[in-house]
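Chains as they are written, first to last, in the numbering used here: chain A, 1 to 138; chain B, 1 to 138; chain C, 1 to 138; chain D, 1 to 138.
None of these hints come from the bench; they were simulated from the model.
Treat each hint with caution, since some may be false.
[Said to hold, decoys possible] Below, in silico cross-link-like pairs of lysine-lysine (PhoX-like), each with a Cα-Cα straight-line distance of 20 Å or less:
1. Lys135/C - Lys46/C
2. Lys135/B - Lys21/D
3. Lys135/A - Lys106/A
4. Lys46/A - Lys45/D
5. Lys45/A - Lys21/C
6. Lys121/A - Lys21/B
7. Lys45/A - Lys46/D
8. Lys46/C - Lys106/C
9. Lys46/D - Lys135/D
10. Lys121/B - Lys135/A
11. Lys106/C - Lys45/C
4 protein chains.
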Amino acid sequence: MSVLVRFGVSLEQDLLGRFDKLIGKQGYTTRSEALRDLIRRQLVKKEWEEDQEVAGAITFVYDHHQRNLTSRLTNLQHDHQEIIISTQHVHLDHHNCLEIVAVKGKASSVQQLANALHSVKGVRHGTLSMSSTGKSIG
Amino acid sequence: MSVLVRFGVSLEQDLLGRFDKLIGKQGYTTRSEALRDLIRRQLVKKEWEEDQEVAGAITFVYDHHQRNLTSRLTNLQHDHQEIIISTQHVHLDHHNCLEIVAVKGKASSVQQLANALHSVKGVRHGTLSMSSTGKSIG
Amino acid sequence: MSVLVRFGVSLEQDLLGRFDKLIGKQGYTTRSEALRDLIRRQLVKKEWEEDQEVAGAITFVYDHHQRNLTSRLTNLQHDHQEIIISTQHVHLDHHNCLEIVAVKGKASSVQQLANALHSVKGVRHGTLSMSSTGKSIG
Amino acid sequence: MSVLVRFGVSLEQDLLGRFDKLIGKQGYTTRSEALRDLIRRQLVKKEWEEDQEVAGAITFVYDHHQRNLTSRLTNLQHDHQEIIISTQHVHLDHHNCLEIVAVKGKASSVQQLANALHSVKGVRHGTLSMSSTGKSIG
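Construct all of the structure, not just a fragment, from the sequences and the given hints.
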């Protein structure tokens with residue numbers, strides 16, 4: 001558990017007033033918690049830019065009726081076992097599936113796997129959630 | 001299954017050459033497939049902008065040792081059952097958890113739930129993957 | 001001139017250490033200044049989301065040799081005089097021009113003008129810089 | 001002037017219908033023009049990722065009454081003359097200025113200058129428009 005440190009910040013009164021209003025709407029109860037989150041978001045952005053170890057989620061939408069598609073996507077995931085933690089499969093309707101792959105590894109490897117999955121013929125849409133292993137934002 | 005239509009596109013020769021090189025590197029085998037993906041990405045962006053029904057994934061990282069945090073996050077998810085499909089929980093290390101919530105619903109409701117989860121005290125990082133139910137990008 | 005207020009923030013020691021390292025690299029000399037910027041960026045994002053009065057820059061790249069293109073782009077700008085402050089024209093090479101339009105107005109009007117300019121046939125690339133009138137981030 | 005090439009694309013009928021509707025709203029008159037723009041946007045993204053020569057605009061908002069600020073910003077720009085083409089200065093109100101710097105150079109140098117300008121104490125908001133010299137998207 002990390003030690004809490006307290007330090008002072010100088011801010012224009014008007015700016016602080018607007019910030020308080022904004023974080024109130026967002027559901028924060030203290031300024032420290034809101035600032036902590038702004039800081040963490042910056043640090044996680046850096047983790048990805050500097051190709052450190054990261055965690056995240058790769059999503060993709062596809063029609064499982066398409067011939068061989070499911071097996072091709074599964075094979076591709078097996079080839080990258082070392083960065084895949086687990087996969088969640090959601091049946092959106094009779095045709096469409098949403099698959100969400102939880103990943104942990106070097107940022108560039110995760111990005112590569114996302115590109116590979118998203119460019120498979122038949123995959124209709126893909127996203128990559130750039131999150132963190134939590135180690136450097138504790 | 002949607003009918004395939006074939007139509008002609010006019011493009012500057014140089015531009016086409018560069019595009020072919022790019023999509024080759026990305027792993028696409030045909031131009032049609034690469035263009036299809038560019039088009040779909042545009043359409044999904046619109047779905048979110050126009051507050052239509054969407055699907056996606058909300059991620060967040062937290063330390064499960066923090067008092068009451070797990071139960072607060074679970075309660076919050078129960079309050080939004082109608083848009084949550086399932087949740088995947090990953091143990092990143094002794095402290096850190098990555099939770100990935102598969103969601104389907106109105107874009108604004110999904111956004112609201114993401115904000116609510118991300119602003120809970122103790123949640124260290126959050127992302128929202130803006131994907132699609134697949135219906136309008138078939 | 002806004003009054004400066006000083007308040008205390010509690011932060012995990014490790015997190016603070018990483019933040020200090022990051023902002024050092026970015027060239028900030030005090031934490032207050034770095035936090036002020038993170039806060040302002042959040043507020044400006046809100047200004048655009050809530051369709052308030054904003055300022056910004058619309059850029060587009062085009063080949064001025066293309067028949068009628070220059071006059072079409074100029075006409076379009078004249079039709080939106082009320083939100084255009086001034087336009088900077090850069091000759092990138094014998095063919096390519098970069099035009100940068102300084103704008104101030106309702107976020108949705110600025111977005112609309114950007115879309116209109118970017119979709120003119122012959123315009124090769126366009127961006128929209130979402131900045132602020134400065135009034136609400138003082 | 002680049003030679004126009006015509007090639008065929010296969011697309012699901014429903015998807016094409018939705019695309020036509022979307023680009024109609026955006027103001028495009030032909031599919032080729034809309035696809036050309038989608039392709040160019042991808043190529044320009046790559047130019048920045050691969051640190052090629054790019055063009056763009058750096059914006060920043062500041063209060064010119066702040067002591068020494070204007071001269072510090074001017075000095076900084078002079079130190080990077082080789083990538084700055086010209087600067088547009090807009091008086092937003094009695095206090096606030098919007099400065100828009102047209103730039104051309106290596107992507108990493110442009111990014112660096114943007115960071116430097118944005119982290120000067122007193123600069124309230126900054127953006128970086130990632131555009132192109134137009135050479136590789138002709």
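> Going back to the hint list, which numbers does this structure go against?
Replying inline: none
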